[in-house]
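Trainee: Take the sequences, apply the hints, and build the full model.
Given next are the chains, with one letter for each unit.
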Amino acid sequence: MNIQKFIAKRSNWTILYALFLAFFVVLPLILIGIYAFRNTEGSFTLQNITKFFTQSEALNTFVYSVGIALITTVICILLGYPAAYILSNSELTKGGTLILLFILPMWINVLMRSLATVALFDFLHLKLGEGALIFGLCYDFLPFMIYPIYNTIRKIDKSYIEAAQDLGATNMQVFTKVLWPLSVPGIISGIMMVFLPTISTFAISEILTLNNKRLFGSIIQDNIMMSDTMNYGAALSLIMLAIIAITSFATGNQDDGELNQGGLI
Amino acid sequence: MMKKILAQSYLYLLLLALYAPIAIIIIFSFTSSKSIGDWRGFSLELYSNMFSGHAAHSATIMTALINTVVIAVMAAALSTILGSIAAVGIFNIRNRKLRQAIQFTNNIPMINPDIITGISLFLLFISLGISGGYLTVILAHTVFCTPYVVLNVMPRLARMNPNIYEAALDLGATPLQAFRKVIIPEIRPGMFSGFILSFTLSIDDFAVTLFTKGSDGLETLSTYIYADARKGGLTPELRCLAAIIFLTVLILLLVFNYRSNRLAKEQQH
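The listed protein sequences derive, respectively, from chains A and B.
According to my numbering, the first sequence is numbered sequentially starting from 1.
According to my numbering, the second sequence is numbered sequentially starting from 1001.
Honestly, the hints are just simulated from the structure, not real lab data.
Where is the CB? At the ideal position from N, CA and C, for every residue including glycine.
Don't take each hint at face value.
Said to hold, decoys possible - Distance windows between CB atoms, simulated:
| no. | chain 1 | residue 1 | chain 2 | residue 2 | range |
| --- | --- | --- | --- | --- | --- |
| 1 | B | L1016 | A | T170 | 27 to 35 Å |
| 2 | B | M1110 | A | L16 | 43 to 51 Å |
| 3 | B | P1185 | A | G33 | 38 to 46 Å |
| 4 | B | V1255 | A | R154 | 43 to 51 Å |
Mentor: Structure below.
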């Protein structure tokens, strides 16, 4: 009877999932930390972390990845912001179906999209390499920039813009003083969804540069898959995790899961 | 007027750039040439090769396709069950701190890049001495799909009359009966969206699968493509597959969109 009562209380239904989360989400993340501070024999060491800062290969790749990620993010904002603005402006477009077309590529396998980029470059007889990498990354991540900005701009109360115009602001002033500041939350979500995944990308860079340029994710993957460098790989993952934590903290964690809720499209 | 034309042409140019690569793959799936850009007339040869297993790789491609679908169905089903029960539970937690803690943990798999989710689970399975295979991949996919189910079911619960469940219990239903007969009918649209979303996310996944599939040769489409691309070049039959996948995703999304639009309309009434 007691069990019956226990189950009848709906908040107790969380327990199953809470255990699941603890075991499959929290524990694995802790394991990254544990492995990062252990050597192959299993005793405590800081070597894996210091290796990253002293060994030039990983550090250089990291700096290079941040650079590529910055370029990708900036291009995505420059291309995506006007698109998001136009899509959210009902005087300019009807929006509905068009936004669907813009976010549809989000749902196609990232490898498939990278191969499509390779196909395009082959078709146009262009060489693969750094240019292809940046094009491919922008192509992969542009929808992730457009969608959050679109959502933010759509929710801006149009009367703010009208008020600014009535008070004599020029179009430029309306943009810099009203529209842009109000769309910052969307831009930040977009940056989170473009910048971080770009750094940790691994397969895409190999495909688009014929293995010539590698991003941080590739280095992590190479090390974690080998049993003798696994701990170093874990340390690199921990560094990646730290960057994620810092970025989400610095941006006040704008991700309210909005993108993922019921009315996705 | 001028502004409108400019704005629209910008959008269409961007769309052209976004879809050109996919279009090229689809167009060149209907010719028999080995490389893209070399049009040898319309032919369905690649498609028939792929399905009949005549080409060198087609058997592996079909196995990978079946693996991908089986994993996606299993992971989506598991996530939908687990996520729905969890959503009901979380929704009814009175303690705000506790609820926020669980919701925060629920968000972690959505914020983390795939590679981190993949590596963390890879380390978990290694520590437990579980070798990778179907089971580990399905579990791993359930990990990153369930949060989306929870998020899809929650809004439905918010709209539901909380007393119906109590009423069912008072009238002698067991909790399980009350869940089946009272709660599920109310949250079914959210469960359905969650299922479809989980299914597409699972099909879409590459990084998590790569790290949890183990070394026994289990391949899904993404890992197969990765291995293939690493060897250099793309098996021509993969173009057909890309075309099929693209159309499948398109249809799934249109269904999903149609449903959420209808729900939105229902809510307005």
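Trainee: With reference to the structure, classify each hint as holding or not holding.
Mentor: Results for each hint:
1. B:L1016 <-> A:T170: 27 to 35 Å: Given about 33 Å between the Cβ atoms, the range holds.
2. B:M1110 <-> A:L16: 43 to 51 Å: At 20 Å between Cβs, range violated.
3. B:P1185 <-> A:G33: 38 to 46 Å: With Cβ atoms ~44 Å apart, the hint holds.
4. B:V1255 <-> A:R154: 43 to 51 Å: 24 Å Cβ-Cβ, so the 43 to 51 Å window is violated.
Going down the numbered hints, you'll see the structure goes against 2, 4, while the others check out.
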